[in-house]
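*Asks:* Top line first, the protein sequences correspond to chains F and E. Residue numbering for the first sequence follows this note's numbering, beginning at 327 and increasing consecutively. Residue numbering for the second sequence follows this note's numbering, beginning at -12 and increasing consecutively.
The set of hints was computed from the structure by calculation and includes no laboratory data. Check each hint, because a few of them may be wrong.
Unchecked claim - Some but not every residue of chain F turned toward chain E, in silico, with C-beta under 7 Å: (1) 399; (2) 454; (3) 496; (4) 516; (5) 520.
Claimed, not checked - Derived DEER-like restraints, expressed as beta-carbon distance ranges: (6) 4/E with 481/F: 32 to 38 Å; (7) 501/F with 51/E: 56 to 62 Å; (8) 414/F with 34/E: 40 to 46 Å; (9) 637/F with 65/E: 33 to 39 Å; (10) 65/E with 693/F: 20 to 26 Å; (11) 516/F with -8/E: 51 to 57 Å; (12) 627/F with 69/E: 37 to 43 Å; (13) 617/F with 46/E: 52 to 58 Å; (14) 52/E with 548/F: 47 to 53 Å.
Said to hold, decoys possible - To give an idea of the interface, some chain F residues facing chain E are shown, with a C-beta separation under 8 Å as derived from the structure: (15) 353; (16) 393; (17) 394; (18) 401; (19) 488; (20) 492; (21) 521; (22) 563; (23) 627; (24) 629.
Here a beta-carbon is modelled for each residue, glycine too, at the ideal position from N, C-alpha and C.
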Amino acid sequence: MRGLPRRGLLVRGLPHEGIVMMLASPTTLVAEVTYRCPLRCPYCSNPLEMSRSAAELSTEDWMRVVTQARALGVLQLGISGGEPLVRADLEPIVASARQAGLYTSLITSGLGLSTARAASLRDAGVDHMQLSLQDSNRDGAERIAGTRSWDRKLEAAKVIKALGIAFTINVVLHRANLDHLESIISLAESMGADRLELANTQYYGWAVPNRRALMPTRDQVNRSLDIVDRATERLRGTMQILYVLPDFHGQDPKPCMGGWGNRYIVVAPDGATLPCQAARSITSLSFDNVRDHSLQWIWQSSSAFNAFRGDAWMQPVCRACARKELDFGGCRCQAFLLTGDATSTDPVCALSPHRAMIDQALAEDVEEQYVYRTMRMTPSQ
Amino acid sequence: MTLAPGDRPALWRLARIQYDDVRQRPVLLYPEGVVLLNDSGGAILALCDGVRTIDEIAFELRAQSGEEVYADVVEFLDALIERGLVRVSIAEAGSAGAGSPGAGSPETGSPGPRPAA
Chain F
327 MRGLPRRGLL
337 VRGLPHEGIV
347 MMLASPTTLV
357 AEVTYRCPLR
367 CPYCSNPLEM
377 SRSAAELSTE
387 DWMRVVTQAR
397 ALGVLQLGIS
407 GGEPLVRADL
417 EPIVASARQA
427 GLYTSLITSG
437 LGLSTARAAS
447 LRDAGVDHMQ
457 LSLQDSNRDG
467 AERIAGTRSW
477 DRKLEAAKVI
487 KALGIAFTIN
497 VVLHRANLDH
507 LESIISLAES
517 MGADRLELAN
527 TQYYGWAVPN
537 RRALMPTRDQ
547 VNRSLDIVDR
557 ATERLRGTMQ
567 ILYVLPDFHG
577 QDPKPCMGGW
587 GNRYIVVAPD
597 GATLPCQAAR
607 SITSLSFDNV
617 RDHSLQWIWQ
627 SSSAFNAFRG
637 DAWMQPVCRA
647 CARKELDFGG
657 CRCQAFLLTG
667 DATSTDPVCA
677 LSPHRAMIDQ
687 ALAEDVEEQY
697 VYRTMRMTPS
707 Q
Chain E
-12 MTLAPGDRPA
-2 LWRLARIQYD
8 DVRQRPVLLY
18 PEGVVLLNDS
28 GGAILALCDG
38 VRTIDEIAFE
48 LRAQSGEEVY
58 ADVVEFLDAL
68 IERGLVRVSI
78 AEAGSAGAGS
88 PGAGSPETGS
98 PGPRPAA
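Here chain F stands alone, though its shape is the one from the complex:
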């Protein structure tokens, strides 16, 4: 049996690997400006329980947040969601970010990205657009998206390219599209993308109830490694490829978020401020809100951001491990979701007493039907 390469970090192709690990200030703000989205992808990382009515932060709130983020040291802003384009007020938020000196990426499904909107966002200061594709063909893509979206995505790709905006395509990989990897890469190439992010599904949010429908086989994963290696070499200098491996199939946990409270700040649509997008799945934590506190206070002093910094919280097996500086004990959300204790060693780790849970998940019976994302108040059962 061939395991994944023990490269230390699970993300391959990151040109800055290791460089930002030593910063004391955060580097990245993910602004989840809305959970509203026309797509219903069954691996969406948004929470299962989402209220339509929960008040979203105002334009002024976001302008204040991005300005505070820069003062705290943040250099990268990802405007995400949901589908951020459903908000008509992105331009003043982006303009504030540009004025403060942030490198701004718009992370979009492409639905709603007309030429006029794309140009207006570029003029406001968006540096880079990241367009999601769900598969290399209409049927596969629309089956995942749960809605008609293929033509509008092809159109959005043309719009981004025609305006000369820095262009990344991102594709979440799973059992139903991993065998299409070569045609996915060809499609991204034909669209003229500068970068292609290929990320295997991570099991948070809607991916948890869909795990049996999404989990790839080991053979699929092994084939994907060779395909990505060849494409990376062939396209060097033309299209950069970033490949996020599936952690369940490896032996080492991922260095989640570059360490809890170490680099990333996520602000959710309602202003709750999280160390990672999935953090609300850890129900033992409470999260402070940018309506009540400055970002600086939340970063430095909030209980949630301090919960898993350093190594005092770690299990003895992690605290004694030389790899703790590389992977920080793995993912806290995954530890909580699988073991009920957010301080557990990530069960992906070969040294975890819970590793059998991962191996069982890999051996589960396949499910063909997806549970699609909805905006209902309660999780679907």
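Chain E: place on chain F using the hints.
*Replies:* Structure of chain E alone, referenced to chain F:
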């Protein structure tokens, strides 16, 4: 790859430099990435416009600092080329930068020669 004196380096189209007054140093920003630079690194990259050659960049920096910097410039830029953050237009015999789109940063690849766009 080792840079040749006539190569014309430019920042990757997706990257930009700015001064970070929180960390008090120049930084190189690109999608989802940050490279912290020291002042020399910032000074080198500020001259990588796709028009100037390695020779010209080293000459200008020597004029500023009074020190021979050619080897340092090559070593620094080689590392960024390896990461895809700097791209190179291959030296054209006898040309004076014609065909280099300058600050727009050419989409030519690295490492290795590629056909002219």
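*Asks:* A separate judgement is required for each hint: does it hold in the structure or not?
*Replies:* Now for the hints, and whether the structure bears them out:
Taking 7 Å as the C-beta cut-off, the interface hint given for residue 399/F holds, the closest approach to chain E being about 4 Å. For residue 454/F, the shortest C-beta to C-beta distance to chain E is roughly 5 Å, which falls under 7 Å, so the interface hint holds. With a least beta-carbon distance of about 10 Å to chain E, the hint placing residue 496/F at the interface is violated under the 7 Å criterion. Taking 7 Å as the C-beta cut-off, the interface hint given for residue 516/F is violated, the closest approach to chain E being about 16 Å.
Checking residue 520/F against chain E by beta carbon gives a least distance of about 6 Å; that is within 7 Å, so the hint holds. Hint check: residue 4/E to residue 481/F, Cβ distance near 33 Å, so the stated range 32 to 38 Å holds. As the Cβ distance of residue 501/F to residue 51/E is approximately 57 Å, the hint placing it in 56 to 62 Å holds. About 42 Å separates the C-beta atoms of residue 414/F and residue 34/E, a value consistent with the hinted range of 40 to 46 Å.
The hint said 33 to 39 Å for the Cβ distance between residue 637/F and residue 65/E, and at roughly 36 Å that hint holds. Distance hint check for residue 65/E and residue 693/F: the Cβ-Cβ separation is about 50 Å, which falls outside the suggested range of 20 to 26 Å. Distance hint check: the CB atoms of residue 516/F and residue -8/E are about 37 Å apart, inconsistent with the given range 51 to 57 Å. Between residue 627/F and residue 69/E the beta carbons are some 40 Å apart, a value that agrees with the proposed interval 37 to 43 Å.
A beta carbon spacing of about 55 Å between residue 617/F and residue 46/E agrees with the range 52 to 58 Å that was offered as a hint. Between residue 52/E and residue 548/F the beta carbons are some 52 Å apart, a value that agrees with the proposed interval 47 to 53 Å. With its C-beta approaching chain E no nearer than about 5 Å, residue 353/F sits inside the 8 Å limit, and its interface hint holds. Hint status for residue 393/F relative to chain E: violated, with the closest Cβ pair at about 13 Å, above 8 Å.
The criterion of a C-beta within 8 Å of any C-beta in chain E is not met by residue 394/F, whose closest approach is roughly 12 Å, and the hint is violated. Interface restraint check: residue 401/F against chain E, minimum CB-CB distance 5 Å, threshold 8 Å, status holds. Taking 8 Å as the C-beta cut-off, the interface hint given for residue 488/F is violated, the closest approach to chain E being about 15 Å. The interface hint given for residue 492/F holds, since its Cβ lies 4 Å from the closest Cβ of chain E, which is under the 8 Å cut-off.
The beta carbon of residue 521/F is positioned within 8 Å of a beta carbon in chain E (closest approach about 6 Å), and the interface hint is therefore held. Because the closest C-beta pair between residue 563/F and chain E is about 2 Å apart, less than 8 Å, the hint holds. Evaluation of the residue 627/F hint against chain E yields a violated restraint, the C-beta minimum of about 18 Å exceeding 8 Å. For residue 629/F, the shortest C-beta to C-beta distance to chain E is roughly 25 Å, which exceeds 8 Å, and the interface hint is violated.
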